[in-house]
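Undergrad: Keeping the supplied structure of chain A fixed, place chains B and C upon it in accordance with the hints.
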Amino acid sequence: MLDIKRIPIPALIGIVLTTLFVLAAIFAPWIAPHGNGEIIGDVWEPMSSAHWLGTDNLGRDLLSRMIYGARITLFIAVLATALSFSLGAILGFSAAVFGGWYDTLLSRLVDLLMSIPTLIMGLVVLSVLPTNLITLILVMGILDSTRVYRLSRAVAVDINVMDYVEAAKLRGEGSGWIIFREILPNALSPLVSELGLRFIYAVLFLSTLSFLGLGVQPPDADWGGMVKENKDGIVFGIGAALIPAAAIAMLAISVNLVADWVLNRTTSLKGGRG
Amino acid sequence: MSSPILKLIAQRIALGIVLLLAVSVLIFAGTQILPGDVAQAILGQSATPESLANLREQLGLNDPAYIRYFHWLGGVVTGDLGTAMSSGQDIATSIKGRLWNTLFLAFWAAVVAVPLAIILGLIAVRYRNGWVDKLISGLALASTSFPEFFIGYVLVYFFAVKWQIFPGISTVYEGMPFGERMQAIALPATALTLVVLAHMMRMTRAAILNVMQSAYVETAELKGLSAFNVIRKHAFPNAIAPIINVVMLNLAYLIVGVVVVEVIFVYPGMGQYLVDHVTKRDVPVVQAVGLVFAAVYISLNIIADIGAIVANPRLRHPK
Amino acid sequence: MADTKAKPGQPKQGLLLDIRNLRIEATVYPPGETPKNIVLVHDVSLTLEKGKVLGLIGESGAGKSTIGLSSMGYGRGGVRITGGEVILNGRDILKGGKEGFRKLRGREVCYVAQSAAAAFNPAHRLMDQVVEATLLHGTATRAEAEKRAVALFKKLSLPNPETIGERFPHQVSGGQLQRVMTAMALCSEPDLIVFDEPTTALDVTTQIDVLAAIKDAIRDTHVAALYITHDLAVVAQVSDEIMVLRHGRLVEWGGTRQIIKEPRQEYTNALVSVHEIEHLEQKPGATPFLSVKNVTAAYGGSHIKVLKNVSVDIYPGQTLAVVGESGSGKSTLARAITGLLPPEEGTVTFDGRPLANRLADRPKEDLRQLQMIYQMADVAMNPRQTVGTIIGRPLEFYFGMRGRERDKRVAELLDEIEMGKGFLDRYPAELSGGQKQRVCIARSLAAKPKLIICDEVTSALDPLVANGILKLLLNLQQHEKVAYLFITHDLATVKSIADSIAVMYRGEVVRYGPKSKVLTPPFDAYTDLLLSSVPEMEIGWLEKAIKGRRMASAGN
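Chains as they are written, first to last, in this note's numbering: chain A, 1 to 274; chain B, 1 to 319; chain C, 1 to 556.
Just so you know, the hints here were simulated from the structure itself, not pulled from any lab data. Heads up, a few of these hints could be off.
Result set (DSS-like, lysine-lysine): computed pairs, CA atoms no more than 27 Å apart in a straight line [as the list claims (entries may be wrong)]:
| id | chain 1 | residue 1 | chain 2 | residue 2 |
| --- | --- | --- | --- | --- |
| 1 | C | K450 | C | K293 |
| 2 | B | K233 | C | K147 |
| 3 | C | K448 | C | K481 |
| 4 | C | K495 | C | K517 |
| 5 | C | K155 | C | K544 |
| 6 | C | K95 | C | K50 |
| 7 | C | K98 | B | K233 |
| 8 | C | K36 | B | K134 |
| 9 | C | K517 | C | K215 |
| 10 | B | K134 | C | K98 |
| 11 | C | K103 | B | K233 |
| 12 | C | K471 | C | K408 |
| 13 | C | K495 | C | K450 |
| 14 | C | K283 | C | K293 |
Chain A is faced by these chain C residues, among others (derived, beta-carbon under 7 Å) [what the hints assert, rightly or not]:
| id | residue |
| --- | --- |
| 15 | M372 |
| 16 | N382 |
| 17 | R384 |
Since the structure is predicted, the reported quantities are computational estimates derived from the model, not experimental observations. C-beta atoms are modelled at their ideal positions from N, C-alpha and C, and glycine is treated no differently.
Chain A extracted, bound-state conformation (with noise of 0.2 Å):
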């Protein structure tokens, strides 16, 4: 049913950006021109026809490390949204569906962890752990889990009480049915769309860290990392910094025009089709 014409103009621009982002970083090594830590140059060459995007801190090519950075980028950003998602979703359809002490103890817990802000907690936590993908992913995925578990509540709660799942109830359905048959087509719609906004978040998320010096440690870099590397240059006007800091903000931008797309696109919809 997915008609490409009637896609509007920004959206078919996001979804050409992001899967142009996607791309490089699981082809990257067949893509850079360089190698990530290879030093082909003096230190932060102009852009030139040899380096389009000239060279970096260290001299190592900055196209190629933009490009391996996509990689580390997407990658720990992709399982972070895929960790709060799952954990999130899954704690908060439970706790609407099953109310009681259960919805209570979590929605509590969950409450008291929003209320101290996510960067803040995020650096508490990661002043003890030791600094590797791993925590990282963790740390990311579980501090952002409470978002997606508010939302994913408030809609199944909307739902829950609607007249055609008291009707399932009436019938004498399961809750496996009730689950998977009423709410869950039906809080689609507003999850996609959360799902996208998770994941500029998380890639945002990283990104700070990173440029804190907290998040990916050389010398492997993501791009939050590789402005922290090169943010010296800037007093002297070298812009080399802005040139990972602008691919985080443009691929935020691309997956915001494809969620909002969708957002309004299924929700204008109301009925089934499509």
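TA: Just chains B and C, lined up with the frame of chain A:
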């Protein structure tokens, strides 16, 4: 002011205090979750047994966790935040000046951002679905996608390096004249403003639109009131509560922004202090600063709730 | 069918409002399609003399509110007046521009909305809002305006007329707010008031008081009015003339007596005779199959009992109607029977054995025997399931039917509810209101139950559609021998469908028995009030009803 309102406010404040206590437990627990020995993790694998034992003693690691918590909490309540491991300085003293610096920065960012966001929100509502509204919404979408350091470094790149209008590094010191201080914080305050502006404006727009679509606004139009008076007399009194809420939520968001912005501009505030000591794994400092941030955040939320309670006519004039 | 020239032959002197060939359009934005224009009102003309009342009547989508608001130059939500003239006091107001509209709104024409509770600003005191238009247009000083307002409060029989203006909207009941809104409209002494369904949201015993107050106020102030409603019996009480509209076109326009006694158009006739369903009462059988005995219930351990010692019986193949106003506990009774709200005391017996109190403890067979139909058919069906799935699921669930066998039965059920096989693959959003309710009926029939609980199943529907649903339910009862527990606030519906009736008031059954007995005097005070409050399509009914009442209504 009637008593049910006071009761609600008292309840809200009491709830805030309980929440703050729970948060202190959480922050304390957050620094204890590492499997194994904190002292080992802090000093690394090459540490000598003596230095490990020293550090354990210093951190009180030989006591059970709950005793350490109450010891810490007792100190916090009496204003003693402990000493920093890395420098041996008293934390409370170090924080005082920095907290003031951070609040100064956040205050000026808020002074610019709040009225600007409300005015832009009103304009977007006034020209709803017109090109102004679309432009504002588009910019808002873009800027919520920008990382704070992108905004920060773009400002530095142009205003400090290319045009050299403002300093790229915000040095402030005690006894600095007001004018110079304002010039020093010009760029970080602008960056901070841009970070919260879009979000605040979008939420303000939604809050006002919601009020504008209610039946009593139509009633006012059908009495022959001018568009301006409809907004002033009928929409605005009902929009206050949601707008207070929007503003407070976003000021709370400022707290997160301030951490990154302070690092970008090397501004001597709480955020930079926190990040420095996270890198140094200086647990007492991280606990103390984390708690201060959480306290500010929770207080802003309480103020938002109280604002909403006071602005609600149903609560002000009970049946 | 439109007969635009059929104006009642009356003299043209004292003409207040003259709408000529009014055309109103709106732009709709269907998802995924290009926006398109739709015409809401097609060349409608009307005239209204000073001091007269014209009733505009029609089903939803007839364009009656849109026409009413055009007299103030107002289009709700992007609605545009694209043709014709609206001549008020001798000038075409559509030519006056925004400034002109502002001068006439609140001064020459005032508006009374359906829901006064939403139309009053919660942030201001009632008096400030009542006198606002008067002060704005400078027709009186504040003291004069407030004096006038208090006089109007008195005329509209509001309690404490001197002080009620100091209250905030949320401190006053719905029926009173509706009257305050009428006072607000009258306060600036306009020439015309547009009443937009002013009593529709009220309980029936409150409606009659508000209606009487509005009628008196119109008579005493000599204001002209456009009275918009979907209820012909209501409009017959207050109007001099009635205009019947359908799909934005004029159907018939005439004096009130002519419209209700000698309608000329078929559609008007259908509206007039909508309540005339003949249903002969069946005598109760020997033994009821379902008995509710001394049931008491409360929500969530609260002390307020929403059901107090309720006992009723239902006989096979018969209909028990439960009537009452909002808050009477009639829907709670349904929840207690279905097990959604386990009773605190009392029992429900089915086929001679007690039913488990809690839904979760009931065997599948018991669940199958009790089915339910809801008021809002839109939310009673999963929007992501097709009609085929919705009706097919009970067949699978209770009888294990699969594949062709199930499809065949679904098709039969679709035939029974007078819808064809073509609807099988439709989603609920693609059905009309009446069709949705029919699918819900088919879903409950699919379980082959002994009892269907119908909770206000016709109250969200237009009268003619509701009529069709009632007829369908009666037909199905004859074929399938199913019993109904019919919950409603509408006594006209009760008369059409019930065999026995239980009247509920504040959680108790105040009157119970066969229909003929319940509806025959002597009545208890509440039943008398309820029965006498149901508008009848008869001129002069209102005055008679008000005079004959013995008990004041609760919503006052």
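Undergrad: A separate judgement is required for each hint: does it hold in the structure or not?
TA: Do the hints match the structure? See the list:
Between C/K450 and C/K293 the CA atoms are separated by roughly 19 Å; this keeps the pair inside 27 Å, and the hint holds. At most 27 Å may separate the alpha-carbon atoms for a hinted pair to count; B/K233 and C/K147 meet this at roughly 23 Å. Of the pairs offered as hints, the one joining C/K448 and C/K481 holds, with about 10 Å between alpha carbons and a cut-off of 27 Å not exceeded. Distance hint between C/K495 and C/K517 is fulfilled; the C-alpha atoms sit about 12 Å from each other, no more than 27 Å.
Taking the CA atoms of C/K155 and C/K544, the gap is near 19 Å; set against the 27 Å cutoff, the hint holds. The suggested pairing of C/K95 with C/K50 holds, with an alpha-carbon distance near 22 Å, which does not exceed 27 Å. Simply put, C/K98 and B/K233 have alpha-carbon atoms about 19 Å apart, close enough for the 27 Å limit, and the pair holds. Restraint check for C/K36 and B/K134: satisfied, since their Cα atoms lie roughly 22 Å apart, inside the 27 Å limit.
A hinted pair counts as satisfied when its Cα atoms are at most 27 Å apart, and C/K517 with C/K215 does not qualify at roughly 34 Å. Between B/K134 and C/K98 the alpha-carbon distance is near 26 Å, which keeps this suggested pair within the 27 Å criterion. Between C/K103 and B/K233 the alpha-carbon distance is near 18 Å, which keeps this suggested pair within the 27 Å criterion. Restraint check: the Cα-Cα separation between C/K471 and C/K408 comes to about 25 Å, which is no more than 27 Å; the hinted pair holds.
Among the hinted pairs, C/K495 with C/K450 is consistent with the structure: their alpha-carbon atoms are about 22 Å apart, no more than 27 Å. At most 27 Å may separate the alpha-carbon atoms for a hinted pair to count; C/K283 and C/K293 meet this at roughly 21 Å. Because the smallest distance between the Cβ of C/M372 and any Cβ of chain A comes to about 6 Å, under 7 Å, the interface hint for this residue holds. Because the beta carbon of C/N382 sits about 5 Å from the nearest beta carbon in chain A, less than 7 Å, this interface hint is met.
Annotation: C/R384 was flagged as interfacial toward chain A, and the flag holds, the nearest CB pair being 4 Å apart, inside 7 Å.
In summary, the structure is inconsistent with hint 9 from the numbered list given earlier, while agreeing with all the others.
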